[in-house]
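The residues making up each chain are set out below.
Number of protein chains: 2
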Amino acid sequence: MNDATSWRELFVATDPPGLAVLAHAAEVAVGSLHQPTPGPRSPLTPAQLRAGVRELEVCPSEGVALDQVLGELGGSVWAHGVRPLDVACVAHLHPPSVVSAVVSELTIASTNQSMDSWDQAPVATEVELHLMDFLAARLGFPSSASGVMTSGGTASNLLGLTLARSLTASRIGVDVLKTGLPPEAHAWRFLASDQAHFSIQRAAAQLGLGRDAVVTIATDDKGAMDLTDLDATLVRLDTEGLRPIVIVATAGTTDLGAIDPVADVARRARAVGAWFHVDAAVAGAFVMSDSLCARLDGIAAADSVTVDFHKLWWQPFNASALVVRDAERFDLLRVPSNYLDRGDELEGMVNLVGRSLDTSRRFDAAKVVASLRTIGQRTFATMLEHLVELTQYAAAAIDANPAFDLVAPVSAVTCVFDAPGHTSEDLRRVQQDLLADGSMVLGRTRIKGRAALKFTFMNPLATNADVDELLAIIKGRLTR
Amino acid sequence: MNDATSWRELFVATDPPGLAVLAHAAEVAVGSLHQPTPGPRSPLTPAQLRAGVRELEVCPSEGVALDQVLGELGGSVWAHGVRPLDVACVAHLHPPSVVSAVVSELTIASTNQSMDSWDQAPVATEVELHLMDFLAARLGFPSSASGVMTSGGTASNLLGLTLARSLTASRIGVDVLKTGLPPEAHAWRFLASDQAHFSIQRAAAQLGLGRDAVVTIATDDKGAMDLTDLDATLVRLDTEGLRPIVIVATAGTTDLGAIDPVADVARRARAVGAWFHVDAAVAGAFVMSDSLCARLDGIAAADSVTVDFHKLWWQPFNASALVVRDAERFDLLRVPSNYLDRGDELEGMVNLVGRSLDTSRRFDAAKVVASLRTIGQRTFATMLEHLVELTQYAAAAIDANPAFDLVAPVSAVTCVFDAPGHTSEDLRRVQQDLLADGSMVLGRTRIKGRAALKFTFMNPLATNADVDELLAIIKGRLTR
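These protein sequence lines are chains V and R, in that order.
Just so you know, the first sequence maps onto residues 1 to 480 in the numbering used here.
Just so you know, the second sequence maps onto residues 1 to 480 in the numbering used here.
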């Protein structure tokens, strides 16, 4: 039985009646986002949130009208989320979204292209390649470069390191994807700073090398890789018969925003024949600013670069990219498939599954292109520079305030600090209390064994006065 | 400088002026989807599509008005995509989207929760867990079960097999994520049918075991795993000192929709102490139908199950889940992080990063819940049953038509056939010509070395008459 009359309204159709249904539903959905109360989150407890959510039956036997469902989600869910646009939402690299990207999500989902094969994404494939070329050019790469979108920096890093593992194996005649890790792999090492993202270790774990295969390099006061220690480590590994197959430079560490000396690390990677990967998930956006991009000098020497659009490009999750200097490196990944990437298509039909660790994959490139065209380079750069300046202001304000100690100089949009005379338990309590009562979503971490609080500034609408107020609130809580 | 006046409109705000901006943009975005011409895709060539896309400057120095950008994308991009709701779009497991999910994408992106930590997704975490509990219950799992959303079946399969690898290693006292693959890993094997998805081989490749570690089991005429060959293989592996650490049953193969005899495979996995993974990316939706769910009998014996919401649940990409029978298995994944999952949060604050191979992760559970509540179980089941019946109709029509040969009996929503008297090159030409001129997006694959065409029915609005017409078109092209 095909009950077309009642089913038709369930699906997105692009004829006028279908678009009228979609337009109405979109209007109701937008209305469901109205937040009557200010603040970075509602003060409900985990137990209260759980109880509210559990009242919603996931799938009743008869469907509920969409307008009602959207209203229910508005009341039970959207009202109680974290609000990244609130100036007191400063815990994570968790951006407010731009309108251009959000409404593009509606079109992405409506048209539902899948990036794995050309016949599921003919024009979408071209848009993704166009965006990757734009990003590659901004990074200073030659025209041989290209990239692919992934679901996040963790996935981008894994993809880059997967390519590196395959290349290393191929040089000793091993197809690691086919026959597995050779005995030589016990000597393979990834080098990354002790401030690198944990996804580097996770990648080593996934790839069968284990986290212990990541050799950490000491960092300086700012959290950037110490070249002396890198050199000493390279000598030590050589002595021990261990082989640095990848050196990772981080451009924008998670806690301190530190940018490793990319050009210097690049030279060492080349000297030892290691793959050079730059994790620029955080600071990759600096390529958009004439004043900030110099901090990434040398990045064009990388074999692969991770850039997260869902961080300082203000895109909703997920949107990340891995760019490689030589697009032919993606050939290292190729897995035969009978139904995708058959290799006998017409001229120009590119199947991006050949570049990806995913199969079905959404067309996230569309929202990034829509946003960059809408924002424009000048405004984009100015907003980014404002966030960097705001972070510097916060650091100066902390430095000038006897209640706080800056743990390290700031480099990008994060600022880590503690409070003299207070224990790590005091810091934990303050951060948790602020989260619990909904007055601030504040970061908390450990830097070189020392507990600390953290601001992450992702919202260009925030001002110096907002920073002052956040500090006053924290100070008030500490002395309670 | 903080140019708040001009920047404010760029970001999604949930106060009335902000929502007015969003509502207007959403209306324009919906309008940009209007398709003046029918058909499953536009007939533009790859070169023409590329030229159109390359005319759009990704990031001009000054931004372009959003309404204009959305209009440009409508003309250059959305007009030229593939249209999964068209009845002639039958190549892949590529569904038309439901309105409820699409407008939920707007709210997901607006609020931009990130599923890695509770303080980025307090209520969203509860919604995802609620949905996972619903799915686990439908699969027949005990209350110990839970799950996590992933970006696709490939990622879900990788996660399941990652857990299996860790558990296997832990039983010989090895923390594989920390110290890498032990020497014993050379004997580890994944067993899956020769019709299993290539992501099983890809997972073995990622995990360092190599594709060769996947031992394929023969399949019967329907494409389901042959138990005799499975038994013989288990004996052979034992003789050779090889160890089956995972047995994968596929519930809904990509080409034939075949469902392996799940309960029988489960018993063998238990007998040899192997992890039992069910890749139900395709047929997982059968749990929603009282008449179809029996085909999955035995699935509750699985250690892990992959279900793709972005297939027969009509969700836009991406939305998949891995459900495990024992949620404590996720402890096998844990990676220490200073800034996430610190383990000293308040009661009830769950950080889902501990279950995931991703870090930042979008709140896809919201769209699934909104859709299931809107559709309701009865309508959902009826639409699914209609697709299975439609596929049976197609098989019968092919069987009755001397121009075609059914390659294998149908099991779910795919139907594979060829044309007697025609070469594999003829089939290729017809499929490519139909794609090129925009009259049909038809599947093409190889079954046991034999080239074939493929229908995949994902659109419940399609009718038997539509199937007849598709077959007539193909027949006409073959005899040209």
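By construction, these hints were calculated from the structure, which means they are not laboratory data.
Since the model is a prediction, treat every value here as computed from it, not as a measurement.
Some hints could be false.
The list makes no distinction among identical chains, and a pair is therefore deemed to hold if it is satisfied within one copy or across any two copies.
[Stated by the list, open to error] Straight line, CA to CA, 30 angstroms or less: simulated DSS-like cross-link-like pairs of lysine-lysine:
| hint | residue 1 | residue 2 |
| --- | --- | --- |
| 1 | Lys448 | Lys178 |
| 2 | Lys178 | Lys475 |
| 3 | Lys222 | Lys448 |
Hint check:
no.: 1; hint: Lys448 / Lys178; verdict: between (40 angstroms within a copy, 21 angstroms between copies)
no.: 2; hint: Lys178 / Lys475; verdict: neither (58 angstroms within a copy, 40 angstroms between copies)
no.: 3; hint: Lys222 / Lys448; verdict: within (12 angstroms within a copy, 59 angstroms between copies)
Checked against the numbered hints given earlier, the structure breaks only hint 2 and satisfies all the rest.
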